[in-house]
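Trainee: Residue numbers (full-length UniProt numbering), protein chains in the order written: chain A, 1 to 436; chain B, 1 to 436.
Read the hints as simulated data drawn from the structure, not as lab findings.
Treat the hints with care, as some may be off.
Which copy is meant is left open, because identical chains are indistinguishable; a pair holds if it fits in one copy or across any two.
Here are the simulated SDA-like cross-link-like pairs (lysine to any residue), alpha carbons at most 25 Å apart as the crow flies [as the list claims (entries may be wrong)]: (1) K79 - R67; (2) K79 - G167; (3) K392 - E240; (4) K79 - E143; (5) K306 - T25; (6) K392 - R64; (7) K306 - L341; (8) K266 - E240; (9) K306 - R264; (10) K386 - A348; (11) K392 - A354; (12) K79 - S4.
Residue-level listing of the chains:
Number of protein chains: 2
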Amino acid sequence: MIPSDWYNIVPDLPAPPPPPLHPGTRLPIGPEDLAPLFPMELIGQEVSGERFVPIPQEVLDVYRLWRPTPLIRAHRLEKELGTPARIYYKYEGVSPAGSHKPNTAVPQAFYNAREGVRLLTTETGAGQWGSALAFACAQFGLECRVWMVRASYDQKPYRRSLMQVYGATVHPSPSPVTGAGSKVLADDPDSPGSLGIAISEAVEVAGATSDARYALGSVLNHVLMHQTVIGEEALAQLPEMPDLVVGCAGGGSNFAGLAFPFLREKLAGRIGTVFRAVEPAACPSFTRGAYAYDFGDAAGFTPLLKMHTLGHTFVPDPIHAGGLRYHGMSPLLSHMYELGLFEAVTRAQNECFAAGVRFARTEGIVPAPEPTHALAETIAEALRCKESGEEKVILTALCGHGHFDLGAYDRYLAGELDDYSLPQERIDRALAELPG
Amino acid sequence: MIPSDWYNIVPDLPAPPPPPLHPGTRLPIGPEDLAPLFPMELIGQEVSGERFVPIPQEVLDVYRLWRPTPLIRAHRLEKELGTPARIYYKYEGVSPAGSHKPNTAVPQAFYNAREGVRLLTTETGAGQWGSALAFACAQFGLECRVWMVRASYDQKPYRRSLMQVYGATVHPSPSPVTGAGSKVLADDPDSPGSLGIAISEAVEVAGATSDARYALGSVLNHVLMHQTVIGEEALAQLPEMPDLVVGCAGGGSNFAGLAFPFLREKLAGRIGTVFRAVEPAACPSFTRGAYAYDFGDAAGFTPLLKMHTLGHTFVPDPIHAGGLRYHGMSPLLSHMYELGLFEAVTRAQNECFAAGVRFARTEGIVPAPEPTHALAETIAEALRCKESGEEKVILTALCGHGHFDLGAYDRYLAGELDDYSLPQERIDRALAELPG
Chain A
1 MIPSDWYNIV PDLPAPPPPP LHPGTRLPIG PEDLAPLFPM ELIGQEVSGE RFVPIPQEVL
61 DVYRLWRPTP LIRAHRLEKE LGTPARIYYK YEGVSPAGSH KPNTAVPQAF YNAREGVRLL
121 TTETGAGQWG SALAFACAQF GLECRVWMVR ASYDQKPYRR SLMQVYGATV HPSPSPVTGA
181 GSKVLADDPD SPGSLGIAIS EAVEVAGATS DARYALGSVL NHVLMHQTVI GEEALAQLPE
241 MPDLVVGCAG GGSNFAGLAF PFLREKLAGR IGTVFRAVEP AACPSFTRGA YAYDFGDAAG
301 FTPLLKMHTL GHTFVPDPIH AGGLRYHGMS PLLSHMYELG LFEAVTRAQN ECFAAGVRFA
361 RTEGIVPAPE PTHALAETIA EALRCKESGE EKVILTALCG HGHFDLGAYD RYLAGELDDY
421 SLPQERIDRA LAELPG
Chain B
1 MIPSDWYNIV PDLPAPPPPP LHPGTRLPIG PEDLAPLFPM ELIGQEVSGE RFVPIPQEVL
61 DVYRLWRPTP LIRAHRLEKE LGTPARIYYK YEGVSPAGSH KPNTAVPQAF YNAREGVRLL
121 TTETGAGQWG SALAFACAQF GLECRVWMVR ASYDQKPYRR SLMQVYGATV HPSPSPVTGA
181 GSKVLADDPD SPGSLGIAIS EAVEVAGATS DARYALGSVL NHVLMHQTVI GEEALAQLPE
241 MPDLVVGCAG GGSNFAGLAF PFLREKLAGR IGTVFRAVEP AACPSFTRGA YAYDFGDAAG
301 FTPLLKMHTL GHTFVPDPIH AGGLRYHGMS PLLSHMYELG LFEAVTRAQN ECFAAGVRFA
361 RTEGIVPAPE PTHALAETIA EALRCKESGE EKVILTALCG HGHFDLGAYD RYLAGELDDY
421 SLPQERIDRA LAELPG
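Isolated chain A, as found in the complex (with noise of 0.2 Å):
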């Protein structure tokens, strides 16, 4: 019931994605450029052209721990909302960590151990990839060091709780043990830090480290594919083929490993499924972004990628649904955006949060923010289906609970959560600094 292979969309597509570029020469960069940070599996992955890759054992044999998960028809909701629409989700918050985050982690650690590396460093800012990726860790005997928002370290502590559990060292970030984090605080000794200064210490402890690599939690294409395993049981597990499929996207992994799957019925002519990303307000990549070449982190250190990007310089204002405050996307995702294949919408905090309590007031799951989003449009939808009398299908992805978010709900509850308005000015003035 678990797949025995992931899916890799991009053979199917009807054109391949813009590569990424070396940004001193503008040339599209090879496996050297990305061997000291991650192992060759993995760069290969990157760029295959395979259709399936083959499940390790090793790596099933850590999936069954909590996979297959359930796929489940939310009777309770959609009675409560008096609608002919029938709605189902996938819920990932089953898995160690709490998310889908582990589906990638864990591939990701196996093949870092299989190839002799001994330490894998990260950034986390929420904290959901950290604890996913400490927990892979410990299952293949890897050292897993974190950098960790210093703002979401202090805010956050039972997140940072949850990788020492697991056997990490948990670095608050900006730290005094690289030479990124001393600049930084040798400047603000008390920097709250940001996600592309954790990316730097990260990045900068593997690269000076012989047996150490760096592990990214999305965005790339290689992360994407190790997700579709959640839509690869959704299609054998649900009972009729979905009219919509609806899910958040920050980077993009969560999206991708429910619809691609779904897409690739599509693209063979099988299903007329239509398929819808939802952002955050705060943070509208793909509805009010640029389509352009841009740094993946905000301090410029990555190669150049073809993606819908509010400028590297973006700063997201704080909404809770931390793993959607990223300034770009997953450029397999922005281009098959530009080919039409889904669309995206966007939806404000409080409307998210309020989606979330009536979720778990009926189906007793209390989500993180971040599929709340799926959630609101889901709930949207499923109203103008009462409206209209359709008996849509929807499949939406749940890719998280939100046991470690509680704060979030009591300041929703609380009346006092801000839902930011974005004036195109602050836009514009980050897409102006995209590299030349």
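Position chain B against the provided structure of chain A, taking the given hints into account.
Mentor: Just chain B, lined up with the frame of chain A:
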């Protein structure tokens, strides 16, 4: 795959358990004594002589949100221990509230709603039971008011938030809204509260309101019976019968829920399984308590229950397994312990957390502090098997996750947790205050 009936073990026992007594008359209590607090259906189940009680369809419709729960073989833990034992765990942490408690909260809310009750009241310590009842009340349109011990209310704000997300009203106890609470506050405005005070407040409001009732999360026969869904599912899921069943015991509903269906098979001579309850060393009612009539609450409001007790005035040391900090024990389990149907052992706090960390790093799930007691015993047994070469089959109850307990793991990892020795004189002093 979800059982259609709850299993009532009472008619299968060689002797019936002693009845609860009225504290004034010392005569067995009747249904009329309980009617102000519980709906008639639950009073009937409390004294039922039927071996099987059908689970109502409305309850099954809610159970389906997370049941059947997974039964998982702990391959990775076995390998790390190097044991020939085969270890299985039944995981109840996938429920909306994160523990086995919703198994009884849901039917309790359902029967109350069906009998026209509008409001359920209860107390909660660490918050597991309160959040389970809040969830259940949301499913049947009941109002829910929870008195939460103030020390926990202040220390565990996320558990409070969870109840509020489900729509419950949460009062820190002692509260000014009841007579019992006001009296305590008048004496000590800074009282940290206790479970005994919180029970008094919840019972006072239920008793004084015609369409309100009170709900209890463990100890009583009907609560234990509702939990047998755990064991019935495990019986059907296991590929081989266990040689040993291990569960932690506070009030007893978790241990009973897993064990009773297997005990039925043993009483019928079909299996030779050994059963073992694990208590915290800081609160050892089976192993160091008296078997005597005592009050169920600290204040002495309840009927007298014949049970293993450390005395209703005994105040356990503040171990983090809040669900095991109860001076008494289920009267039904106490009776069965006297009949020699199972064993009981104790485990101290630090070895329990060590087992929890070991489990998290191999199997991924971070266990709540309560089931780490069963895991510590399971690991000890598996290591005994390593010595002896026995291929024992061990089944353990993993009754909840520790996502709200990571502060306790933090303290364990920092070496700050106490094991608390329990001098015999403290037990003797409390037992000297047993009623008449």
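Trainee: Now tell me if each hint is right for this structure.
Mentor: Checked hints:
Taking identical chains as interchangeable, the C-alpha atoms of K79 and R67 lie at most 25 Å apart only when they sit on different chains, with a minimum of 20 Å there against 29 Å within one chain. In this assembly of identical chains, K79 and G167 lie within 25 Å of each other by CA distance solely across copies; the values are 18 Å between and 44 Å within a copy. Taking identical chains as interchangeable, the C-alpha atoms of K392 and E240 lie at most 25 Å apart only when both belong to the same chain, with a minimum of 11 Å there against 44 Å between chains. In this assembly of identical chains, the alpha carbons of K79 and E143 lie at most 25 Å apart only when taken from different copies (19 Å versus 48 Å within one copy).
Within a single copy, K306 and T25 get their C-alpha atoms as close as 15 Å, which meets the 25 Å cut-off; across copies the closest is 83 Å, which misses it. In this assembly of identical chains, K392 and R64 lie within 25 Å of each other by CA distance solely across copies; the values are 23 Å between and 32 Å within a copy. When the C-alpha separation of K306 and L341 is checked against a cutoff of 25 Å, the pair qualifies only within one copy, where the shortest distance is 17 Å, while the shortest distance between copies is 68 Å. Taking the shortest alpha-carbon separations for K266 and E240, only the intra-copy value of 14 Å comes in at or below 25 Å, while the best inter-copy value is 44 Å.
When the C-alpha separation of K306 and R264 is checked against a cutoff of 25 Å, the pair qualifies only within one copy, where the shortest distance is 23 Å, while the shortest distance between copies is 65 Å. In this homomeric assembly, K386 and A348 come within 25 Å of each other (Cα to Cα) only inside a single copy, at 22 Å, whereas the closest approach across copies is 57 Å. Proximity of K392 and A354 under a CA criterion of 25 Å is satisfied intra-copy only: 22 Å inside one chain copy versus 50 Å between copies. Taking the closest pair of Cα atoms, K79 and S4 come within 25 Å of each other only across two copies (24 Å); inside a single copy the shortest separation is 36 Å, beyond that limit.
In the structure shown, no violation is registered for any of the earlier numbered hints.
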